[in-house]
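**Q** Residue strings, one per chain:
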Amino acid sequence: MRLYKKEGDIIQLISFPDEQVEKGDYLLIEDQKVKKGLIVQVIDIQFANVPGMLEDILRDVMTEESIHGEDYDPFDVSSQITVLKDTRLIICKIRGMIDDGRISSSVSHLPSRISSKIIRFPIERAIEPQDKSRPIHFGTTKSRTELTLDAKVLDGRLNIITGKKGTGKSHLSKLLVLSLVDNKAPCVVLDVNGEYVNLSKNRSSSPETKRRIKVLMPGVNMKLTLAQVGLGTMLGVLLFALDLPGNSARVFSGIWRQLQDRNELTLTSLGAAIHSWNCHESVRDAIVSRYNTIAESGMFTDDPSEALDFEKMARELSGGEALIVNMKNQYSTMRRMTVEILLSKLTDLLMSWKMKAVFFFAEEAHLYLRETYWEDIVTRMRHIGIFTTFITNQPDTIKDSIYRQADNIFLFNFMNENDLETVSRAAKIDGESVKLIARDLPVHHCLIIGEAVKNFPLVVNIHPLNVETMGETRFFFKD
Amino acid sequence: MWIHRTESITYDSPNISSLLSKDLEGEESLLPKFLIQLSNSSMRTIKGERFKPREVSLFDLRIEDEDHQDSSLMIDERLLQKEPIKIEPIVDDASVIAVDVSNIKVGETNDGVLCALRAATVWKSEGSYVYLRCGPIVFHITDCGNHLLSHLGLKEPVLPNMFSSVTMRIMNRLRNTLERYTQRLVCSSSKNNIILFDGSLTAGTPDNPANRVQSILESARENGSVVLAFSKATKLSIGGRRVTHLLDQMPAPCLLDIDKEIEEQFPSSPVKLLGRVYIAKLALAGYTFRLDIDRHVPIEGAIETVSRLSGCDLVEQGYPETLRLAHILSTFTANEVIGIQRFIAKNYGLRIASQPNLRRSLFGPFGTGREIA
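Each protein sequence line maps, in turn, to chains A and B. Positions 1 to 479 (my numbering) are the ones given, in order, by the first sequence. Positions 1001 to 1373 (my numbering) are the ones given, in order, by the second sequence.
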């Protein structure tokens, strides 16, 4: 390989076909004379614009239909000509610099075209932390070395896992959940498709793992008393999940307080009080219809022994557990109610320091997360210890502001221009790199962007999991 | 289908080369063995040296080093009154075979020049064109103990590090050697064909001995073939204009016999006009070319051959397609020149040299004193 051109932060290299380079690879352009080197990442591979190539190809095209024949080439000179036709132009993005052995992101050096040596650069060595006492084994990099990061890289971070359907997003998300649990971290997963519920089961017939995975089914083993919920959370449910108008909410608050004062806060007494409350008929109708939804959801109980003990749950989570909230087959109102209550309770537990923090995994959050929560999650909730990972195959459902504040983006393959545009606009690296690399990522290969990889975007083949993932697409026809 | 072979092949081999193999005496390789040996021995002299490759660029795609050009003559203006011969195309199963050879300078070493040669033979078989391409073979032309000189019959020394006229002559002689060899092979191994050469049938210079061309033409005649040589460039002129303009306003296809007028201008020796000279316009609105037809073929036979060529081969723009393809296949593209340079650097341990470029030093827009060549 030879250094050909530098334009801005783009470096162009000339490479012959026998030099194996792929998109995402890191190279070091080492100028030994000055003991400096540029760290560059391959973002595209093109054919070199060799002089006369067009003429050559045109000649081939023009004659191949009308003429055929033999070449007698005793010295095999033509093999070199053929090599030249496949000479490649490697487009690289400058990612950093090595100056006297130290890596920095500031680039102030232009390497020599003549004396520079171009070698593969094992970027993993620069990325992997010294302390890997809480390891997360992500997978193998392009240079076939293991990428193991410390769980600390996810601590206090906002992450986004995105890519088109079937590329391995949920797979990575499960790997992160399991690795965090293995490192005694508390995780809560909002599981829209019920694909996390068997995480404790091994894929083979081997016995179940000792991982602590707890599954909550709203209305089945996730029930609460009204007292547990509290007026604030219930108003959130009514306003944001059930769209109760403001006036009606004020009336509802009055009913709730009265029952609370009388120590009669039960589902049954709430229903009776609503019906007998002196208010406008339309307000009563609005409150009654929401009450019926709440009552029929099965999420509320008057029996304290049936109710979920959130404080116990917090203690168990804090010891290293994944709480899977299975929202499969739930209608959207129910999902919204569940999330509203869960987030509210988690906030309470964290505010009162009953939990230190929680890693919160939200699959397709646009299906259940209310508008105002998005900003809340990346600002306020982050400060109280909810560290969210959004998982979606529709990147445009996540606001640009969320992308911009994301610490890490785990990007899988996208072919759609709009999707690529959305991610590239907001990712922490240049849009060109995102578009060119993500378009060609194979299944289960992920481009990690952000703090986790010290801002050296890295392509990783994510490790397979030996657990029942249940996330695979169901097929009608067999192979 | 294109086949690429690097091993030595002979005319005994089947397929395409079989057309050329009929009645060939003994086994003969497609490239003269002595040229291959000469190539090997000349290239061995450059081990480990530095070389300055020829520069090729997208803006300089025409990189042919030479073209056949005849000597400059002024012809009598009586020609202006001469009537052209009308040609009636004859469509039959005549085979048309064309031969062309190209050479190119690919770089310079401290001691001399590196050049490459390639020959192409094209013929029409069952309605489609078939080719046999031989080469490239590369040579290092130097003055030191120059075995090339003795092989090629040159006595003048070659000046080192210079693309001199002598170097040019050696290159041309190497090219002529390969061209005549290929032409002889075609003429001696094929029967009853129309054989097209690039250039003229004028011979008799040290670089182009008359006896060699004579023997090629004899061989063709013995096999019932007729040789036609087309010159793309001619210096023959009348009243200051190229003779090829004489047929500008004439209907095509037609010939203008200018043999007598040319012959009068030539001394009887050493240069010999082995072909009868015509101006040929084979296509309406096409170009006109100098056409030499073997002098020993009767005039009627020569005209009939042009008629058959006109009927059996495409002559768009007035130039036979078979010969056009032979030219395209033998010439080197810029990309091929770079490939040959890489071959030389890789196989003979040459290192690319940074040499001062006088022209660029003096006239370059930014006054760059050195360049990477």
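Be aware that one or more of the hints could be misleading.
Okay, derived cross-link-like pairs now, DMTMM-like style, lysine to aspartate or glutamate, Cα gap no bigger than 20 Å in a straight line [what the hints assert, rightly or not]: (1) Lys1346/B / Glu19/A; (2) Lys165/A / Asp150/A; (3) Lys33/A / Asp99/A; (4) Lys1346/B / Asp99/A.
Keep in mind that the hints were calculated from the coordinates and are not lab data.
**Q** Compare the structure with each hint and give your call.
**A** Results of checking the hints against the structure:
As the CA atoms of Lys1346/B and Glu19/A are separated by approximately 16 Å, the hinted pair is consistent with the 20 Å bound. For the hint pairing Lys165/A with Asp150/A, the CA-to-CA distance comes to about 28 Å; that exceeds 20 Å, so the pair is violated. Taking the CA atoms of Lys33/A and Asp99/A, the gap is near 12 Å; set against the 20 Å cutoff, the hint holds. At most 20 Å may separate the alpha-carbon atoms for a hinted pair to count; Lys1346/B and Asp99/A exceed this at roughly 34 Å.
Hint violations for this structure: numbers 2 and 4, all remaining hints satisfied.
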